[in-house]
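Student: Here's the letter readout for the chains.
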Amino acid sequence: QKEVEQDPGPLSVPEGAIVSLNCTYSNSAFQYFMWYRQYSRKGPELLMYTYSSGNKEDGRFTAQVDKSSKYISLFIRDSQPSDSATYLCAMSGGSNYKLTFGKGTLLTVNP
Amino acid sequence: AAGVIQSPRHLIKEKRETATLKCYPIPRHDTVYWYQQGPGQDPQFLISFYEKMQSDKGSIPDRFSAQQFSDYHSELNMSSLELGDSALYFCASSRGVAPNEQYFGPGTRLTVT
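As given, the protein sequences belong to chains W and G, one line each in that order. 111 is the number that the working numbering gives the last residue of the first sequence; the numbers go up by one with no jumps. 1113 is the number that the working numbering gives the last residue of the second sequence; the numbers go up by one with no jumps.
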């Protein structure tokens, strides 16, 4: 079993929809939770990070962490075609700072 | 704003050859991380450096080595290349050891034939 599980999709939604992306994890040492956006053949772009549990909002994006359930989410409001990309969750914690990624969810927002 | 620079962007090598990938971190970033992303896979951590010293090591083959230089740029050296080494190689940088603020470069696409 991988440390981080993420449904690879693909996920297709109409423009303006609310998108929910999720990851689960098994390593209790994880304390930092990140979401990256990756366009085809490009490097991952850091969208948001959350330390420990709680919510964080940035414009149309909201990240949630529930450490008791080992579950994290990213919500995208008023989704746009430009949001079409692969979304990767990533986590870190314990004695090292390497990122452990989920497999990524491919999102398509249709005009 | 300046970003992480990687060179070359594309590299084609034959089996058993060697390759050197370079990474130039964001100015004032002193920590570099290397990740390997196979086709359809998530990025896998290889190795990291903080202040020119190796800070962590992941699933990096013994055929690979890396170092960070005095100007904080880093090089990943890969020898005896195998077909399975074909992948995207990303470098990320941060200021200090910061798991939450690693900024990725555009990657080097290595193809081994």
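These aren't lab readings, by the way, just hints derived from the structure by calculation. Please note that the accuracy of each hint is not assured.
Simulated coverage check for chain W against chain G, where a stretch passes if three residues somewhere in it have a Cβ under 8 Å from a Cβ of chain G [what the hints assert, rightly or not]:
(1) 29 to 43
(2) 86 to 94
(3) 98 to 106
One-sided and incomplete, this derived list gives chain G residues near chain W with beta-carbon spacing under 8 Å [stated by the list, open to error]:
(4) Tyr1033
(5) Pro1043
(6) Ala1087
(7) Phe1090
(8) Asn1100
Predicted model only: the values in this text are computed from it and were never measured. Every residue gets a Cβ at the ideal spot worked out from N, C-alpha and C, and that includes glycine.
Student: None of the hints should be skipped; say for each whether it holds.
Tutor: Evaluated hints:
1. 29 to 43: Since 6 is at least three, the answer is holds.
2. 86 to 94: This one holds; 3 residues, not fewer than the three required, reach chain G with a Cβ under 8 Å.
3. 98 to 106: holds (count 7)
4. Tyr1033: The hint holds - Tyr1033 of chain G has a Cβ within 8 Å of chain W, the shortest such distance being about 7 Å.
5. Pro1043: Holds, because the Cβ-Cβ distance from Pro1043 of chain G to chain W comes to roughly 5 Å (cut-off 8 Å).
6. Ala1087: violated, 13 Å
7. Phe1090: Hint holds; Phe1090 of chain G Cβ to chain W Cβ min 6 Å, cut 8 Å.
8. Asn1100: holds, 4 Å
In this structure, the one hint that does not hold is number 6.
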